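Student: With the sequences and hints as input, model every part of the structure.
These protein sequences, in sequence, are chains A and B.
For the first sequence, my numbering begins at 1 and goes up steadily by one.
For the second sequence, my numbering begins at 1001 and goes up steadily by one.
Honestly, the hints are just simulated from the structure, not real lab data.
Hints should not be assumed to be uniformly reliable.
Said to hold, decoys possible - A few chain B residues that face chain A, going by a derived Cβ cut-off under 10 Å, partial list only:
#1 1153
#2 1159
#3 1163
#4 1172
What the hints assert, rightly or not - List time: in silico DSSO-like cross-link candidates among lysine-lysine, alpha-carbon distance up to 30 Å:
#5 A:73 to A:117
#6 A:250 to A:5
#7 A:102 to A:73
#8 B:1165 to A:95
#9 B:1165 to A:73
#10 A:17 to B:1091
#11 A:117 to B:1165
#12 A:95 to B:1254
As the structure is a computational prediction, the values presented were derived from the model and not from experiment.
By construction, the Cβ of each residue, glycine as well, lies at the ideal position given by its N, Cα and C atoms.
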Amino acid sequence: MPKLKVSNIYKIFNDGKSNVTALEDVSFEIEKGEFVVIVGPSGCGKTTLLNIVGGLDTASSGTVEVDGRQVTKPGGDRGMVFQSYSLFPWLSVLKNVEFGMKMRHIPKEQRLETARKYIGLVGLGEFENAMPDTLSGGMKQRVAIARTLANSPEVLLMDEPFGALDAQTRIVMQELLADVARTTESTVLFITHDIDEAILLGSRIIVMSNRPGKILDIIPVELSISRNRSALTNEEFLAIKRRIMDLLWKETL
Amino acid sequence: MNIEKNKKDYRLLSFIVFAILIAAWCIASYSGMVSKIFLPSPSDVLDAIVSGLKDGSLWENCWVSTKRVMIGWFWSAAVALPLGMLMALSKKFTAIIRPFIEFARYLPVVALVPLTLLYLGIDEAQKYTVIWLGTFFQLILMVCDTVSSVERNQVNAARTLDANKWQVYLYVILPASLPGLLDDFRLTIGWAWTYLVVAEMVAASSGLGYIILKSQRFLATDVIFMGLILIGLIGLLTDFLLRLLSGVLVPWYKRLGD
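Tutor: What follows is the structure in structure tokens.
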């Protein structure tokens, strides 16, 4: 059974005059431990799709299943990391990471232990008492990732989490996320408009088109080289990039 | 080498502004440029304060007025806080209540005073009601706006971290809007003083508004100035205490310019 199963999702808005199709017949499956990236141009409905999977938005039709169980509301089984402004500024790093466990009434001792483990995993061990305001953008996103993982979600949903970061920090964060996802054996659905990021992170890439948002192709990423910044100029890497660009460019013209 | 200080102290500037005001007042009054009836000298006002302190009337009037403001404003906040929050979170409730609130908000409170006298007479409840009317309809909309401006991502993050509806209110929406709410409170307490004076000028036998009105009849401008200065000082003190409270309750909150 797939970890996450998305079947025949449609999202149709009515802007008062006519119907606009944002998502058209989107279906895919993710196996346990897989890292799947959705790549597509801005406005292709990929954020809407992720919000539907997360239960923050509703589909016009179609279903989302986690472990074969249909879900319609938000819940901790689908942890989300947003692009920005999602940390609670009145809580320290530690309290932020403990938040989900506190909501589930997990005993304090256990909460503390789990929170510290994930804060260490994202390399912020020395900052557990820092307030979010004093952290850099990259550090804030590390906290957001730790906070979501500490709540032990079945699937990790990430909405362009590195979109607001500068180029260097972005690469560092991509490598960190790849590491963390591997060690925690997380199942990840990751959204981006950055093709390099998609290839570096994804074991499969779902390429989406613009208006209506639908799946153009699902591309497996098999690289014989290790995935780090030097891969960006590798031939295998570039071949996949070319294939994705061709798909997207055809759409734009 | 210039080493940036963490926080510059601008208290001297605030002090200078007051010093200039008082100096100008001294020059205008002691030189005889302005008649005593229009502008009493600082020593006249000080005399009025001293005699008020001696016979105890000053404390009593300050206390009576402050108590009225606090009780009237407290009820306004106690009702506006839950209703304003509900307005921000429920479209249905907004549809029910908003048109009436907007209508009531534009009614000048002064024009409602005759009705409050007719319904409630001249006792304390009438004073509280005037203050309540003056602040409630503003405060409920301010609370609504403040709560609506909570980052949607913070609420969404909480919902995907297993927080149920009540946990979202308690652990996210309330703390996130607390700095804004404290500001709303600070502003409306100021307005409460305006409506207090309105209430006390119409029908009262004590309070700062009352002595200001009474002094006008006797051309006791020094006592009028005393009343004004006392209201201003109580205002400054209230503001100071609320800022202190902000520092304790929401130390994480940074304003532009902090």
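Student: Has the given pair, residue 250 (chain A) with residue 5 (chain A), been kept, meaning a C-alpha gap of at most 30 Å?
Tutor: Holds, at roughly 28 Å.
Student: Quick one, are residue 1165 (chain B) and residue 95 (chain A) close enough, alpha carbons at most 30 Å?
Tutor: holds, 20 Å
Student: Is the shortest C-beta separation between residue 1153 (chain B) and chain A less than 10 Å?
Tutor: holds, 4 Å
Student: Holds or violated: is the Cβ of residue 1159 (chain B) closer than 10 Å to a Cβ in chain A?
Tutor: holds, 4 Å
Student: Does the alpha-carbon distance linking residue 73 (chain A) and residue 117 (chain A) stay inside the 30 Å limit?
Tutor: Measuring from Cα to Cα gives roughly 29 Å; hence the hint holds.
Student: Against the 30 Å threshold, does the CA-CA distance of residue 17 (chain A) and residue 1091 (chain B) hold or violate the hint?
Tutor: Roughly 23 Å between the alpha carbons, so the hint for residue 17 (chain A) and residue 1091 (chain B) holds.
Student: Please verify whether residue 117 (chain A) and residue 1165 (chain B) have alpha carbons no more than 30 Å apart.
Tutor: holds, 28 Å
Student: Given the hint that residue 95 (chain A) pairs with residue 1254 (chain B), does the C-alpha gap stay at or below 30 Å?
Tutor: Measuring from Cα to Cα gives roughly 19 Å; hence the hint holds.
Student: Starting from residue 102 (chain A), check that the Cα of residue 73 (chain A) is at most 30 Å away, please.
Tutor: holds, 20 Å
Student: Identify whether the interface hint at residue 1163 (chain B) stands, where standing means a beta carbon of chain A within less than 10 Å of its own.
Tutor: holds, 5 Å
Student: Has the given pair, residue 1165 (chain B) with residue 73 (chain A), been kept, meaning a C-alpha gap of at most 30 Å?
Tutor: holds, 12 Å
Student: Regarding the hint that residue 1172 (chain B) lies at the interface with chain A, is the smallest CB-CB distance below 10 Å?
Tutor: holds, 7 Å
In this structure, every one of the numbered hints holds.
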